[in-house]
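Chemist: Start from the sequences and build out the full structure, keeping to the hints where you can.
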Amino acid sequence: MRELINRLKTGIFTENPTFMQMLGMCPTLAVTTSAQAGLGMGLATTAVLILSNFAISLLRKAIPVKVRIPVFVVLIATFVTIIEMLLKAYVPALYNELGLFIPLIVVNCIILGRAEAYASKNKVLPSVFDGIGMGLGFTFALTLISIVRELLAYGTIFDIKIAPKFYEASTIFASAPGAYFVLGFLLAGIAAIRNKKSSKGRA
Amino acid sequence: MTDLLLLFIGSILINNIVLSRFLGTCPFLGVSSKIKTATGMGVAVTFVITLASFISYIVYEYLLVPFELEYLYTIAFILVIASLVQFVELVIQKTSPVLYSALGIYLPLITTNCAVLGIVIINVNSKYTLLESVVNGFGTALGFTMAIVLLAGIRERIQSNNIPKAFKGFPILLITAGLMALAFLGFQGMIK
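Protein chains in written order, with our numbering: chain A, 178 to 380; chain B, 2 to 193.
A portion of the hints provided could be inaccurate.
Here are the simulated DSBU-like cross-link-like pairs (lysine-lysine), alpha carbons at most 30 angstroms apart as the crow flies [claimed, not checked]:
#1 A/Lys300 x A/Lys186
#2 A/Lys338 x A/Lys265
#3 A/Lys186 x A/Lys298
#4 A/Lys373 x B/Lys166
#5 A/Lys374 x A/Lys338
#6 A/Lys373 x A/Lys186
#7 A/Lys373 x B/Lys37
#8 A/Lys186 x B/Lys166
#9 A/Lys186 x A/Lys342
#10 B/Lys37 x B/Lys128
#11 B/Lys35 x B/Lys166
#12 A/Lys300 x A/Lys238
#13 B/Lys37 x B/Lys95
#14 A/Lys374 x B/Lys128
#15 A/Lys300 x A/Lys243
#16 B/Lys37 x A/Lys374
#17 B/Lys35 x B/Lys128
#18 B/Lys169 x A/Lys186
#19 B/Lys169 x B/Lys37
#20 A/Lys243 x B/Lys95
#21 A/Lys265 x B/Lys128
#22 B/Lys169 x B/Lys35
#23 A/Lys243 x A/Lys298
#24 A/Lys265 x A/Lys342
Bear in mind the hints are in silico, worked out from the structure with no lab data behind them.
Modeler: Below, the structure is given as structure tokens:
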């Protein structure tokens with residue numbers, strides 16, 4: 178049980194796929210224009226990650242080592258197609274907002290990375306929890322970035338007006354340069370906190 | 002002809018794949034520490050994207066559409082790209098050992114480069130013809146190469162600069178990329 182909780186903690190904090198490992202940068206930068214899109218993308222990726230970790234861990238002894246990468250990719254692509262169909266049918270608004278980036282979950286390095294680094298070597302239950310942990314870590318990062326960007330760009334969070342009236346919305350944060358700036362400053366902030374902590378530990 | 006030329010220039014500058022569409026960001030940030038490796042990556046990607054645009058158009062129009070299997074496009078395209086990358090790797094290995102040793106390590110990475118899958122899907126969604134798909138693919142890939150080589154050039158310079166401790170590594174890299182994206186915003190509206 179402790180091992181399972183440990184997997185969750187690793188995924189969300191110590192090995193957070195976005196902030197610590199810098200994986201899955203494309204969706205991180207591209208769909209974080211609004212908090213809703215960021216959260217939706219995070220959850221869709223989490224679903225694929227859990228399913229693929231489950232299937233790959235289950236089949237890990239049946240998949241020949243030499244062709245494992247193509248097998249993983251096809252499995253992941255299948256799950257992505259299923260999620261894409263579900264989103265199209267039940268949440269068309271989110272489907273339209275994420276658009277191209279739903280099929281592109283296939284090439285999100287987090288998913289293939291976890292398949293290769295964890296699920297193909299471990300038992301089913303820990304792999305599923307690894308998927309949940311990494312997925313939630315990714316969702317957390319995406320939601321945080323998109324909240325900052327939405328607030329700066331439109332003065333809203335989840336379409337609810339937050340900023341005071343005198344704040345002039347600057348839509349630059351909703352476009353490409355803003356994405357790089359916000360993530361850059363967030364990472365610098367995290368690095369600053371870690372530097373402080375490690376210097377305290379030494380003193 | 003003018004349409005094709007506009008599409009070509011548009012795909013290099015205005016809709017630059019990394020700086021305005023956010024595809025292929027992983028290699029853009031990952032393999033851009035030296036100009037030489039960045040150029041190698043750019044050439045390999047150009048090769049694969051151009052071929053992938055061509056082949057996936059044929060797969061989509063003559064295989065998926067006639068059998069009404071369009072919903073399988075993600076799986077079909079990723080298979081095309083993965084086998085193409087493997088094939089290109091084999092061919093280069095046999096024909097040009099020099100090129101192979103230069104591109105070798107980047108080729109397998111291209112399978113998970115979302116720029117390739119992204120462009121192929123954009124081609125299909127925009128209902129481009131075969132010629133337009135190839136032109137769009139080639140232009141986009143050139144745009145990618147240009148962006149990654151430019152970033153590598155800037156990174157080689159930054160290395161000797163005095164950067165605040167917290168910004169070392171990825172943060173300064175992202176801010177550099179952000180400034181580049183800001184510059185590329187200037188191309189918007191060049192072509193209506």
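Chemist: Now tell me if each hint is right for this structure.
Modeler: Now for the hints, and whether the structure bears them out:
1. A/Lys300 x A/Lys186: Status holds; Cα separation ~18 angstroms.
2. A/Lys338 x A/Lys265: holds (28 angstroms)
3. A/Lys186 x A/Lys298: holds (19 angstroms)
4. A/Lys373 x B/Lys166: holds (11 angstroms)
5. A/Lys374 x A/Lys338: Distance ~35 angstroms between A/Lys374 and A/Lys338 Cα, so the pair is violated.
6. A/Lys373 x A/Lys186: holds (22 angstroms)
7. A/Lys373 x B/Lys37: Violated, at about 36 angstroms.
8. A/Lys186 x B/Lys166: holds (27 angstroms)
9. A/Lys186 x A/Lys342: violated (39 angstroms)
10. B/Lys37 x B/Lys128: Roughly 36 angstroms separates the two Cα atoms, so the pair is violated.
11. B/Lys35 x B/Lys166: Holds, at roughly 22 angstroms.
12. A/Lys300 x A/Lys238: holds (11 angstroms)
13. B/Lys37 x B/Lys95: holds (23 angstroms)
14. A/Lys374 x B/Lys128: Violated: A/Lys374 and B/Lys128 sit about 54 angstroms apart, past 30 angstroms.
15. A/Lys300 x A/Lys243: Holds. A/Lys300 to A/Lys243 sits at ~20 angstroms (cutoff 30 angstroms).
16. B/Lys37 x A/Lys374: violated (37 angstroms)
17. B/Lys35 x B/Lys128: violated (37 angstroms)
18. B/Lys169 x A/Lys186: holds (26 angstroms)
19. B/Lys169 x B/Lys37: At roughly 22 angstroms apart (the allowed maximum being 30 angstroms), B/Lys37 and B/Lys169 satisfy the hint.
20. A/Lys243 x B/Lys95: Satisfied, since the Cα-Cα distance of roughly 21 angstroms is no more than 30 angstroms.
21. A/Lys265 x B/Lys128: At roughly 20 angstroms apart (the allowed maximum being 30 angstroms), B/Lys128 and A/Lys265 satisfy the hint.
22. B/Lys169 x B/Lys35: Holds - the C-alpha atoms of B/Lys35 and B/Lys169 are around 17 angstroms apart, at most 30 angstroms.
23. A/Lys243 x A/Lys298: Distance ~15 angstroms between A/Lys243 and A/Lys298 Cα, so the pair holds.
24. A/Lys265 x A/Lys342: violated (37 angstroms)
Checked against the numbered hints given earlier, this structure breaks hints 5, 7, 9, 10, 14, 16, 17, 24; the rest are met.
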